[in-house]
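As given, the protein sequences belong to chains A and B, one line each in that order.
Oh and the first sequence: position 121 is 121 in my numbering, straight run, nothing missing.
Take the position in the second sequence, starting the count at 1, then add 1000; the result is the number in my numbering.
Everything labelled a hint here was simulated from the structure, so no lab data went into it.
Be careful, since some hints might not be right.
Computed footprint of chain B on chain A, listed as stretches where at least three residues anywhere in the stretch have a Cβ under 8 Å from a Cβ of chain B [unchecked claim]:
1. 125-136
2. 217-231
3. 321-327
4. 331-345
Glycine included, each C-beta is placed from N, C-alpha and C at the ideal position.
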Amino acid sequence: MLEEKQDTVPWWKKANRGFTYLIRRNRTLLVFAVFLAVMPFWAKPLSAPLGIDLIFVMRLVGVFTIAAVGLNLLMGYAGQVSLGQGAFFGIGAYTSAILTVKAGFPVWLGIIMAIIISALIGLLVAPILRLKGHYLAMATLGLGIIAFVFFREMTWLTGGNEGIRSIPGLALPGIGVTSRRGEFYFVWVIALIILALCANLARSRVGRAIRALHQSEVAAEAMGVNVAGSKIRIFMLSAALGGLAGGLFAHLQGFIDPNMFSITLSISLVTMVVVGGMESIWGAVAGAGVITFLPKIVEALPKWLGEVPKWVERYSNYEGIIFGLILILTMIFMPSGITRGLSDVVRYRRSPFINPFRKKVVE
Amino acid sequence: MGFNIIYNSTGIINFAQGEFCMFGGLFAFTFSVSLGLPLPLAVLLAVAVTAVIGGTMERLVVYPLRNANIITAIIATIGVSIFFKSMGRLFWPKEAYKVPEFTGGSFSLPGATVSRQFLWVLGLTVISVLLVYLFFNHTKAGKAMRACSINRQAASLVGINVSRMSLYAFILAAALGGLAGLINAPYASYSIGLFLGIKGFTAAVVGGLGNTFGAVTGGLVLGLLEELIPGFLTVVLGVASGYKDAVAAVLLIVVLLLRPQGILGKGTVEKV
Chain A
1 MLEEKQDTVP WWKKANRGFT YLIRRNRTLL VFAVFLAVMP FWAKPLSAPL
51 GIDLIFVMRL VGVFTIAAVG LNLLMGYAGQ VSLGQGAFFG IGAYTSAILT
101 VKAGFPVWLG IIMAIIISAL IGLLVAPILR LKGHYLAMAT LGLGIIAFVF
151 FREMTWLTGG NEGIRSIPGL ALPGIGVTSR RGEFYFVWVI ALIILALCAN
201 LARSRVGRAI RALHQSEVAA EAMGVNVAGS KIRIFMLSAA LGGLAGGLFA
251 HLQGFIDPNM FSITLSISLV TMVVVGGMES IWGAVAGAGV ITFLPKIVEA
301 LPKWLGEVPK WVERYSNYEG IIFGLILILT MIFMPSGITR GLSDVVRYRR
351 SPFINPFRKK VVE
Chain B
1001 MGFNIIYNST GIINFAQGEF CMFGGLFAFT FSVSLGLPLP LAVLLAVAVT
1051 AVIGGTMERL VVYPLRNANI ITAIIATIGV SIFFKSMGRL FWPKEAYKVP
1101 EFTGGSFSLP GATVSRQFLW VLGLTVISVL LVYLFFNHTK AGKAMRACSI
1151 NRQAASLVGI NVSRMSLYAF ILAAALGGLA GLINAPYASY SIGLFLGIKG
1201 FTAAVVGGLG NTFGAVTGGL VLGLLEELIP GFLTVVLGVA SGYKDAVAAV
1251 LLIVVLLLRP QGILGKGTVE KV
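Working from the sequences, and respecting the hints, build out all of it.
Written out as structure tokens, the structure reads:
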């Protein structure tokens, strides 16, 4: 009887219900999409007085968001520390660059190949996922170094230190994307799709499984989660997203060289995830935004302040000091990241900072 | 070795260890060349200053994070590493500095020429290994530190001040790192930081984490392989020797996968 009753609901009502549900679940995403869609209109007049080309930087934020979301799934949700995401980013960039420049592939196919190759290499190195904690962190860092050395030394394929130049810009079959605004929309449409997919993945059965193995692998295994398999799959997904981001990056920049994909890149990707907030899709967006804009702001700072002491102006590396300090201070005072801190303020009217120096009664 | 000490007593992998080496070299340069102090005094001062930096870092960064998770602590030490490196650049803007050799020149053995500096490196390494060994096995503080590495709660129950031990560990590790930096590299430069950190960790892992002699063995094995493998590659396979930089990383991964307890380490059984 009950089943018959359900069947009387017309299909269009069901579809509508599903649609409403989908919108309600991804409300933040939609708001963000609208924000981005109108961004070029207000960002352009704002760019000149700030001394930062907002749209130009936002394209990169989009690219790094994709890589950071992948890393966040791996680190935040599955709890597997990876300091080697930069390797997959580089593999993606080189794959797409080599295929389009040397083999004459169309750009979209190059990027798809970048995703596939990165995922396959992720599968190839998956045995290191047997390691835990520090060991995993160091082994992935080792991967990053190995990849970097290969980019530099395989001169016949990668061009060595010279890198690869004149990489074609982003394009779909039939449509070339030439303007900055076009690139901005191109990157962010992909980034938003990835964000939506990852947000839904995190809420799904798979998402619950990987969160379970973060808490306790033994307990997850006991509940019937295929721990080794889940880890490998999530690692491959993370690698594939890294590759996608790398592919987009290569076509945005137009040239690549090995030093772009050194360990520093892996570390800044990890920083994006941690500063933004782990175990949160929005953490990746916030982290990518903050970490990408930070150096630009530091660069533009003298323009805002006007006069700067000579020795500060001459010294070009103070970006490192500020970056390091922000990293340390965030870890100490806001260890769960910006997004969590902000939601604490809004939701519980609680300070986003913690006091780590407070003594506990029982240590 | 510094890695080992810190890991032993705090369970933290310190990515700023390489920067301790950098500071050791740079301070030795400042004291001996710029200020014109006699070399032994300059060396002692450089090691002392580096030790103070290590202690300060422990109090300001590591102590607040003692209850945080692994990732947070790792990121924080990476932050410290970046910060230190930029500070170094601020005060020592040139790319490389030459610390004078302890005794210049070289002498010939049958079949090989050995520089005196090499003997100093060897001698100081042996001495510091012996001292660390004696410290960990025959002094109260050293034994307390080992107790912390085995079980922090239990150590705290028998009256050991765990956080103070962590402070001591950082001071000791920084001092050793500084010493390593200034004897190992007559040329103190910046690129050494992170790469040196990975090499140090590899040496510690190859020898077995938490084993002083293991770290030395690991260091020797790594050093030998780094010299031998690129030679082998160039001669036999005919590829560029630039792959040398990847040797440490490959070795690290292989050892971690095949023999995670290290060459000298004893096997452990993981309990659920």
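| field | Violations among the numbered hints, reported as their numbers in ascending order | value | 2
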